[in-house]
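Each protein sequence line maps, in turn, to chains E and G.
Okay, so the first sequence: first residue is 1 according to my numbering, each after it adds one.
Okay, so the second sequence: first residue is 1001 according to my numbering, each after it adds one.
Calculated directly from the structure, the hints in this document are not laboratory data.
Warning: the hint list may mix true and false statements.
Only pairs whose alpha carbons sit at most 25 Å apart, straight line, appear in this in silico DSS-like list of lysine-lysine [what the hints assert, rightly or not]:
| no. | chain 1 | residue 1 | chain 2 | residue 2 |
| --- | --- | --- | --- | --- |
| 1 | E | Lys-119 | G | Lys-1253 |
| 2 | E | Lys-119 | G | Lys-1294 |
| 3 | E | Lys-119 | G | Lys-1340 |
Here the structure is a predicted model, which is why all the values come from computation and not from measurement.
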Amino acid sequence: MNLSDQLIQFLLSGFATGSIYALIGLGFSIIYNATGIINFAQGEFVMLGGMVTVFFLTSLHIPLPAAILGAVAITTFVGLLFERLAIRPIRKATPINLVIITIGGSILIRGLAMLIWGKDTHAIPGFSGEEPIMIGNASLLPQHLWIFGMTTLAIIASKVFFNYTISGKAMRACAFNPRAASLIGIDVKRMVLFSFVISSAMGSVAGFIIAPLTMTSYDVGIMLGLKGFCAAIIGGMSSGLGTVLGGIILGVLESLGAGLISSGYKDAVAFIILLLILFIRPQGIFKRAESERV
Amino acid sequence: MKRTVAALIVCLLLTTAGTALADTLRIGALFAVTGPASFLGEPEKNTLEMLVKEINSKGGINKNKVELVVYDTQGDATKAKQLVNKLIKNDKVAVIVGPSTTGETMAIIDDVEKAGIPLVSCAAGIKITEPVKKWVFKTPANDHVAGEKILNYMAQQKQKSIALLTVSDGFGSSGREQLKALAAQKGFKIVADEVYGPKDTDMTPQLTKIKGTKPDAIICWGTNPGPAVVTKNMKQLGIKIPLYQSHGVASKKFIELAGADASEGVTLPAGKLAVYDKLKKNDPQYKLLSEYDKAYRKAYGVEASTFGGYAYDAFQLIAEAVRKGGVTPDKIRTGIEQVKKLVAVSGIFTMSEKDHNGLDLSAFVMVRVSKGDWEIAQ
């Protein structure tokens, strides 16, 4: 295998991992765009998507499509409960308080998942088999195509939703200025609830779709959540292409870093990028600096 | 919950202690029952509780009743240090089993040495018993024994160059160091030395790099799920180089995670418990292993694990010492040190003043995955 073949494989691997990060990152940016808070429990929604699917498949022997639907429904319900029980009662709190509450919520969800399903790692079979697809001398799995497809679908859906529907526009209005939004008749509370519902559903989609590749256990949410958060930060918390590009940049750099420099620094690459961006361009790579909202 | 249970057990023990005869053997145990190392601590605690119940129902060891005090360290060395003092000073135990991890064990060695209480650790790190400490023993075989087993097997197969792919946690880095040292000793050439994070989900970049160096074999050193991801990634990339895994994944779980197809042909050193049904019936350990597995399944509904076996062996060593000597810490220590050819789960123990682990290469057997099951590799 010569260097150019290796490079193609690194890029392809990075692209594949990056799409996973992107899909998770989108969940972060949706809540951020509607509420101005960063929901650190997003990773746990991803975990729930995978674990509930596994639970339905292995314990209740439900066929895969039904198991997936069930997992999305349950995770969405958890997202809804989370907003109702943890976020809404303290709506007057500052964003930083809410962010810390989401961290607490993530620890709780993780703990409950551990108690219910134990600490084992589980695997789901690939949706369309495990035979690799060769592209030149590099290869991909059919599951990667599912992930690419789902990520594309998620960008299109969120683009349409936020730019062309009343609810989507209302949600964006709430993030810019909740007070003004409520003055013109938008039910801010409902929009916040709605954003948690959407992002938990999206997290669970990410969860079940990556489970055949990455496997799943009660504690996968931490690392996946952090990587998704990095992707969203690089993309400037946009709910569309920015975050997706952010995820792919992250994935490709990680893969190139591991392949060309040293695999010991793979995670360091991700977090150094995150720190650099927070220092130099806190608004993300793809966003023009916003003027301070007064 | 666990803590209340532990507290209840302690209360029970305290109330019974007053009425019990002078000759009761009180065993303390420190296990990481919850927290990241709970896959070790949970089967260890279950095993020990099962054994104590069993022996008491038979009238104890030499008519000495056995009492057990278990504390949960949560895999935290600071907690282990506090709890070991509690065991020694409040519970006045005669011998301690555990902790589950090397870090915790190293943290409490000073305390047991000072107090003169024998410790039978369930952690694998070589530092625990090398150099030998007077009061400290351990039941898992050293990691380098597993590494040596792999390299001996590779020498048989005439494989000369190795690519290493190890996890970046304690288990992986200790394995990496020892494999490098052993490889140098035995004349193998290491052509690639890659690592991955314990939570990594894609190792194709490392494997692509390894493929470019054309090694005769790849050795991956980690615990689930990493090695399963590596195995799957190798199939994705179409890498046909022989893959060796460590004893860290010697359970059916690994085959389940990686898939029967991708894991076909993967070879690894396994403790005999994982494959006891494939052993010859006249293997000295066969009877004990099958009894342990059956008893554990009956009590807890899941198969016995190698990790639980560490606690099983610790109890066997202590029981043997009590049978020959007595229930005081000093007699137990001397008794354990004099154990010869004790057939147990992890292997056959022969302790001495110079060896407080007592296991050799026979603790492992090389196995290969074939059609979703283990077969003994010759």
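Each hint, compared with the structure:
1. E/Lys-119 - G/Lys-1253: Holds - the C-alpha atoms of G/Lys-1253 and E/Lys-119 are around 12 Å apart, at most 25 Å.
2. E/Lys-119 - G/Lys-1294: holds (23 Å)
3. E/Lys-119 - G/Lys-1340: violated (37 Å)
Of the hints listed earlier, the one the structure fails to meet is number 3.
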